[in-house]
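Student: Sequence:
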Amino acid sequence: MVPKPPRTPAPDTLHNIVTRGFMAVLGLGALVVVADPGSVKSYENEVEYAKANGKLLMGRAPHRCNDRVEDFVQAIAGEEGSIFRDAWPTVKLLGRCMLSSKGQEPADPYQVLGAWNPCWIDPELRARQREKAAWGSSSSSA
Numbered sequence: 021m022v023p024k025p026p027r028t029p030a031p032d033t034l035h036n037i038v039t040r041g042f043m044a045v046l047g048l049g050a051l052v053v054v055a056d057p058g059s060v061k062s063y064e065n066e067v068e069y070a071k072a073n074g075k076l077l078m079g080r081a082p083h084r085c086n087d088r089v090e091d092f093v094q095a096i097a098g099e100e101g102s103i104f105r106d107a108w109p110t111v112k113l114l115g116r117c118m119l120s121s122k123g124q125e126p127a128d129p130y131q132v133l134g135a136w137n138p139c140w141i142d143p144e145l146r147a148r149q150r151e152k153a154a155w156g157s158s159s160s161s162a
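Each residue of the sequence shown is one higher than the last, beginning at 21 in my numbering.
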């Protein structure tokens, strides 16, 4: 009996096509940088980029209930909070905040969040903002 020659594996054509495609894109990018170095600009930070390009920074303003979300996260995952004691009150406050209209967010104190956290908003300041928003809306409807 004559032994059969060992089978050679079939070439992985899809892998080769994808790899060559990636290499072509990278090569074209490198060619553009070498051919016209002025087309690639670097900036110190995203603020400088926005100023240079005349664009507003997107996603920079936090949501109006961001502090309540942070209070909830600290209640369930933080060292100071207890998931059994603090989770439900923070969920209720978060729900009230999400269901309120802009400027009418609840001014109740936080359960876990303290002044050490950058998301902390002074409840007295929030109450003043709420009164100001209520006063402004009542005068505009008159």
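In short, the hints are calculated from the structure, not lab data.
Where a beta carbon is used, it is the ideal one built from N, C-alpha and C, also for glycine.
One or more of the hints may lead you astray.
[Unchecked claim] Pairwise CB distance ranges, derived in the manner of DEER restraints: (1) 151 x 56: 51 to 61 Å; (2) 68 x 89: 26 to 36 Å; (3) 86 x 58: 50 to 60 Å; (4) 127 x 107: 19 to 29 Å; (5) 57 x 148: 19 to 29 Å; (6) 44 x 135: 23 to 33 Å; (7) 68 x 39: 14 to 24 Å.
[As the list claims (entries may be wrong)] SDA-like cross-link-like pairs, simulated, lysine to any residue; straight-line CA separation at most 25 Å: (8) 152 x 97; (9) 122 x 148; (10) 122 x 98; (11) 112 x 72; (12) 122 x 72; (13) 122 x 86.
Student: Against each hint, give a clear statement of whether it holds in the structure.
Tutor: Evaluated hints:
1. 151 x 56: 51 to 61 Å: About 58 Å separates the Cβ atoms of residue 151 and residue 56, which means 51 to 61 Å holds.
2. 68 x 89: 26 to 36 Å: holds (30 Å)
3. 86 x 58: 50 to 60 Å: Violated - the Cβ-Cβ distance for residue 86 and residue 58, about 40 Å, lies outside 50 to 60 Å.
4. 127 x 107: 19 to 29 Å: The hinted range 19 to 29 Å holds for residue 127 and residue 107, with Cβ atoms some 21 Å apart.
5. 57 x 148: 19 to 29 Å: violated (54 Å)
6. 44 x 135: 23 to 33 Å: Since residue 44 and residue 135 have Cβ atoms about 55 Å apart, the given range 23 to 33 Å is violated.
7. 68 x 39: 14 to 24 Å: Taking Cβ atoms as reference, residue 68 and residue 39 lie about 37 Å apart, which means the hint is violated.
8. 152 x 97: violated (34 Å)
9. 122 x 148: holds (14 Å)
10. 122 x 98: Measuring from Cα to Cα gives roughly 28 Å; hence the hint is violated.
11. 112 x 72: Distance of about 44 Å is beyond 25 Å: violated.
12. 122 x 72: Distance ~32 Å between residue 122 and residue 72 Cα, so the pair is violated.
13. 122 x 86: Holds, at roughly 13 Å.
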